[in-house]
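Visitor: What follows is the residue order along each chain.
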Amino acid sequence: MDLAAIVVIQVLYGIASLVIVSAGLAVIFGMMKVINLAHGEFMMLGAYATLGALKIGINLWVAIFVAAPLVVGGIGVLLERLVIRRLYGRMIDTMLATWGLSLLLVGVVTSAFGNTTAGISTPLGSFTVGAYSVSVYTLLIIGVAVVLGVALRAVLLKTQLGLIARGTMQNPAMADALGISPSRVYMVTFGVGAALSGLAGGLLAPLTGVVPTMGGAFIAKAFITVIGGGPAILAGLVGASTFFGAINQIAAFLSTPVFGEVALLFAAIVMLRLLPQGITGRFFKGSL
Amino acid sequence: MARFAASWKSAALCIAIGVLLLIFLPNVIDDFTLIQVTIYLVMSVLAVSLGFIWGFGGILCFGQAAFFGLGAYTYAISVVNMGDSTVPFMLSIVVPALFAALLGYVIFYGRLSDVYMGVITLTVTLILFNLINSTAGPEWKIGNAPLGGFNGIPAIPPLNWPGNADESITPRGMFNLSLGLLIVVYAGLRALISSRIGHVIVAIKENEQRAQLLGYDPRAYKLFVFTLGGAIAGLAGCLFANWGSFTSPTIFGLAQSAQIIIWVIVGGLGTLMGPVVGCVLIQWLTTQIGTQQTFNSNLVLGAILVLFVLLVPKGLVPSIGMLLERLGRRSAPAGRSSDAKPVALAKEQQA
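From first to last, the protein sequence lines stand for chains A and B.
Going left to right, the first sequence walks through residues 1 to 288 as my numbering numbers them.
Going left to right, the second sequence walks through residues 289 to 639 as my numbering numbers them.
It should be emphasised that the hints constitute simulated quantities derived from the structure, not laboratory data.
Note that the structure is predicted; figures quoted are calculated from it, not measured.
We treat Cβ as the ideally placed atom computed from N, Cα and C, and that holds for glycine.
Each hint should be verified, as a subset may be incorrect.
Sample of chain A residues facing chain B (criterion: CB under 10 Å; computed from the structure) [unchecked claim]:
hint	residue
1	101
2	102
3	106
4	126
5	256
6	276
Covered stretches of chain A (in silico footprint by chain B; criterion: 3 or more residues with CB under 8 Å from a CB of chain B, positions within the stretch not fixed) [unchecked claim]:
hint	stretch
7	60-72
8	85-91
This is chain A alone, in the form it adopts within the complex (with noise of 0.2 Å):
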């Protein structure tokens, strides 16, 4: 019974940590077609944003939950602005583009930092089931993922900037004829997405250690839910991530944790032979 409950604790961990990792790509894939090969280095940013928070003092749950976000944020806009902008359109250009960006930055933080492990200790403790020990940062990361899916769909579905986006991504000229400059909101778009990656950076800081080459560990995963997802942003995002993260922890719960993201990686591969379009574009079609 409690091993039950522990494992239904880490499946259920696998699959809100997937969906935290993935969701910035999620938007500025789904949204705006850009593969956004920095997105591992955008989550590095935000763990070093969260550490150097820390560092001057700044509480742990604002340095998460507001510095990380808000100084990826606007690195991202920047990049947006300078690089990202200029090739629109061109997705294979845009890949390589952000790949070069990807090492850049890597290559500017080892420069600035040094290539050392900083660690941030795991905050509240943990309680027990039974003979088993849990982290009560566990059940947070679980929290996040949830509020985080319920509240993007929130902004997109009620509210107007949410309006604006879809309608812009859905046919820019008809925006732009409106009154609604397209290249602003892929601007604040391309933002989100990286406020989003800085947030998951952050939130995982304890869990992983802060690396300036920690982001290479999460691109791979991040992207084979979000093109595992398929067309539907958020029922993509919560669909795939589901059936990666339950793979994952169960095949990591069968042998090893490196094992169990080979059968996530390995899964993947075949589903994606199957249903090329992603589970959306299978399943819940039409769905947000």
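Since the structure of chain A is already known, use the hints to place chain B on it.
Guide: Relative to the frame of chain A, chain B by itself:
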């Protein structure tokens, strides 16, 4: 120039330069420099493999390093087990080719688009990296060969004369072999591209739907191109394992994959010589960066990639070619009136 680049004259010129280097370079420079030059050649083979599948097959593979690493590991594991290097040499080409065929089948017959292709190849590279990286410890071995995990496989026996395991290759022989194979690969690919099959391959890259309507199966042709690219990358991996008698999981890493892409972008897409030029330039630059502390090599490589994509999307070799052509046309007023190839290239870059 565009016409020149596609003519047999340019191929003959490049091959002639290669053969001259093969004959004279070992007499001019000392052994240490020769070993340094050899790694440039090995990596050039790898660069050509991506230059071929991307520039001519239109397949953007973000994981060419996977085949490279697979070739290196296949050679290392099988040569440790077998002793004689003849079969391992062949295996190091066949295994990556089979792997590429399998992966290509999933991708092309699943009709996944370019973008998904990039992400899947990247993912596969990461899977291999994670897998190999986690195999440290004595329980992970294939036959007599411990996989070594993140420590890699040291002391890989070098290539030997077929059938005679005692007569192993010298540094000078390694240079000859690498340059010889580079020339063979280059010449073979040029011949392939100018053959009928090659024309179909390029036609599919230019307009897949039209080629399909004309009765060609793009999936089969792409699979062939991808498999061939995997085989050549595997060959490069085998040479690499020989060059340093060492292989480690970092050759599967993202940094390695990114480097290959940068070579091709910098050198020029749609040529076979461009990737070689890009490879030599970037490798030289990386070595120079390694000698000082101010700039990190990631930083410089990243900046180069971004700048080339934004400012010189065609790469160095085609850009210089077009520049020369423009100069040539100015000096010769009765020059060619049609300029179809560069225009087509420019349009393609816009698309």
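Visitor: Please go over all the hints and tell whether each is borne out by the structure.
Guide: Hints versus structure:
1. A hinted interface residue such as residue 101 of chain A counts as satisfied when its beta carbon comes closer than 10 Å to some beta carbon of chain B; here the least separation is about 6 Å, so the hint holds.
2. The criterion of a C-beta within 10 Å of any C-beta in chain B is met by residue 102 of chain A, whose closest approach is roughly 7 Å, and the hint holds.
3. For residue 106 of chain A, the shortest C-beta to C-beta distance to chain B is roughly 5 Å, which falls under 10 Å, so the interface hint holds.
4. Given the 10 Å rule on beta carbons, the hint for residue 126 of chain A is violated: about 27 Å separates it from the nearest Cβ of chain B.
5. Look at residue 256 of chain A: its Cβ gets to within about 7 Å of chain B, closer than 10 Å, so that hint holds up.
6. At about 5 Å, the closest approach between the beta carbon of residue 276 of chain A and any beta carbon in chain B falls short of 10 Å, and the interface hint on this residue holds.
7. For a cut-off of 8 Å, the count of residues in the stretch 60-72 of chain A with a CB near a CB of chain B stands at 0, and the three-residue condition is violated.
8. Interface restraint, the stretch 85-91 of chain A with chain B: holds (4 residues with C-beta to C-beta distance below 8 Å; minimum three).
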